[in-house]
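Assemble chain B onto chain A, guided by the hints.
Number of protein chains: 2
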Amino acid sequence: MTAPLSAAATLAEIGERALIEALTADLPPAEDVLLGPGDDAAVLAVEGPVVTSVDVLVENVHFKLGWSEPADVGRKAVAVNVADLEAMGARATGLVVGFSAPPQLQLRWVREFAAGLRAECASAGVSLLGGDVTRSRDLTISVTVLGGLDGRAPVRRSGARPGDVVALCGRTGWAAAGLAVLQRGFRSPRVVVEAQRVPQVPYGAGAVAAAAGATAMIDVSDGLVGDLGHVAAASGVVVDLHRDAFEVPDPLHAVAAATGADPYALLLTGGEDHALAATFPDVGAVPEGWRVVGTVLGLSDEQPAQVLVDGDPWPADGGFDHFASGR
Amino acid sequence: MTAPLSAAATLAEIGERALIEALTADLPPAEDVLLGPGDDAAVLAVEGPVVTSVDVLVENVHFKLGWSEPADVGRKAVAVNVADLEAMGARATGLVVGFSAPPQLQLRWVREFAAGLRAECASAGVSLLGGDVTRSRDLTISVTVLGGLDGRAPVRRSGARPGDVVALCGRTGWAAAGLAVLQRGFRSPRVVVEAQRVPQVPYGAGAVAAAAGATAMIDVSDGLVGDLGHVAAASGVVVDLHRDAFEVPDPLHAVAAATGADPYALLLTGGEDHALAATFPDVGAVPEGWRVVGTVLGLSDEQPAQVLVDGDPWPADGGFDHFASGR
Chain A
1029 MTAPLSAAAT LAEIGERALI EALTADLPPA EDVLLGPGDD AAVLAVEGPV VTSVDVLVEN
1089 VHFKLGWSEP ADVGRKAVAV NVADLEAMGA RATGLVVGFS APPQLQLRWV REFAAGLRAE
1149 CASAGVSLLG GDVTRSRDLT ISVTVLGGLD GRAPVRRSGA RPGDVVALCG RTGWAAAGLA
1209 VLQRGFRSPR VVVEAQRVPQ VPYGAGAVAA AAGATAMIDV SDGLVGDLGH VAAASGVVVD
1269 LHRDAFEVPD PLHAVAAATG ADPYALLLTG GEDHALAATF PDVGAVPEGW RVVGTVLGLS
1329 DEQPAQVLVD GDPWPADGGF DHFASGR
Chain B
1029 MTAPLSAAAT LAEIGERALI EALTADLPPA EDVLLGPGDD AAVLAVEGPV VTSVDVLVEN
1089 VHFKLGWSEP ADVGRKAVAV NVADLEAMGA RATGLVVGFS APPQLQLRWV REFAAGLRAE
1149 CASAGVSLLG GDVTRSRDLT ISVTVLGGLD GRAPVRRSGA RPGDVVALCG RTGWAAAGLA
1209 VLQRGFRSPR VVVEAQRVPQ VPYGAGAVAA AAGATAMIDV SDGLVGDLGH VAAASGVVVD
1269 LHRDAFEVPD PLHAVAAATG ADPYALLLTG GEDHALAATF PDVGAVPEGW RVVGTVLGLS
1329 DEQPAQVLVD GDPWPADGGF DHFASGR
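Residue numbers (the working numbering), protein chains in the order written: chain A, 1029 to 1355; chain B, 1029 to 1355.
Pulled out of the complex, with its shape left as it was, chain A reads as follows (with noise of 0.2 Å):
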């Protein structure tokens, strides 16, 4: 068992040992982590509560691995699941993964996701704690991440009031504009395309926003419309977008011209960016890198929890259910 293995073996030659191996290979130290990967559960120094969330990915409903490379799906998956983090003003600090797959799954493949994974724990200052491997027919990752509130108060859904300001951190319609080139066979604008397959989550941002005072945060997983819908529902307020304070990329002109579509539509409901969408008291408060988009207003009679685009609803809400649709 000492001569090196070869990349295309499969995991049904190499087996579980030299597949965590694969995936725990060149972990940096990190001070936090009291424990690391190879016992039965790891040890993460965290002053105060701890902030945890879990993502799972799923083969042919996250990813196609014709789309993606090994290495994007392994930063994909820490990237969706620190932005959640993010989105309550937290600072993520270490992950654990489960790894489902195939064992015809080849070797290489695995050392090119941890490559991937190890990467973009790097650029979130995350580390990599621990995990499981098994067996499944589609390749299956599951990341839970931890993290830490450095003595600040999370920020939830509900604490959007009216008057305030709605602002937003990173982009929105990218990952749309690239799903819609992929899906009908084309690999350009290959930025949108990038942007489809790894998510560019504004690390950090969160955590600047809840020191400004944000009210609430959301990370823009489903599309801005509905993840603000969210907050509109979960704080009883009214949010309205203003349309002139977005700015089509030329990108998403040139899918939207491509494919018939409404740029708008992909800036407003498109997913799976990962920007940070939150609220503030007021426009002085909103910290550089955010963009003012729209404005907080209050419930009435005629006008329920939801939420705006110049004062009249989106027509579709641009939600994405598991689900109810498919892909």
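Treat the hints loosely; a few may be bogus.
Identical chains blur together in the list; that is why a pair holds if it fits in one copy or across any two.
[To be verified] List time: in silico SDA-like cross-link candidates among lysine to any residue, alpha-carbon distance up to 25 Å: (1) Lys1092 <-> Glu1044; (2) Lys1092 <-> Gln1132; (3) Lys1092 <-> Pro1130; (4) Lys1092 <-> Leu1325.
Don't read these hints as lab results, they were simulated from the structure.
Relative to chain A, chain B alone:
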């Protein structure tokens, strides 16, 4: 949407929101849960470092829908994972669940699964903090458990020393006997079939062992010889189990007789019961509820790190490899 949902309705019919409601219904309040399900992430109060572990249960790998009731699967998902924290001497307090299921799954199944999850969480003293739901071909349950050490150091696999005694808390061989029975199409002895469906984890025994001075500890998931092999390797010792220390329970006698198996093979290599195995400095340190089953010996030129039974290697090591072996 106010009409009660039929238990026969599928996830495709009820959608993601109703699925989440079914999974998170009737959660009891808990003081340390500062923020439960419903936001981007959950917040759990933990004193000191946080201990965490993830386990993934896959349909037809870890459970079969024809063999287990939905509540069994919910209970097993909690139990196997809390056992990992027990094995560190930690106290599990919260968990998050990744729930991946085919759109054809019925609401009835989810409700019964959730009831099992709740029941086992209550037994283990753990709160359901949140989760993620997604579509998949096979039912796949990922559970990540969090907990604390109450000021103690974690009990690792690497602390066993020559002269220590080896002790066991909980059952071994029962779940393997149940699997042998189910694989032959039988449903009795009922006690071993139930042991296969839901392990009886000795909740709290890990913390007691840690407080009593356990030098090493492990959760017996793959079989006693195999798992103590991890302790032997990590500690650089030989573990010698005493066959006479094991009594063969009647149901294991019965299964062994019916299947032509050696009952000691069940006891020594059967997995999935999630007993705890630990080493202690001397017999006097072994807490109530634990049975001394062996001793720890030093390495020698002829004797590398391994597990022996009455001085001899056990013929098959009994470890389970998810990728190299079928089921």
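To see whether the hints hold, each was checked on the structure:
1. Lys1092 <-> Glu1044: both (24 Å within a copy, 22 Å between copies)
2. Lys1092 <-> Gln1132: both (16 Å within a copy, 22 Å between copies)
3. Lys1092 <-> Pro1130: both (15 Å within a copy, 18 Å between copies)
4. Lys1092 <-> Leu1325: For Lys1092 and Leu1325, the Cα distance exceeds 25 Å both inside one copy (41 Å) and across copies (51 Å).
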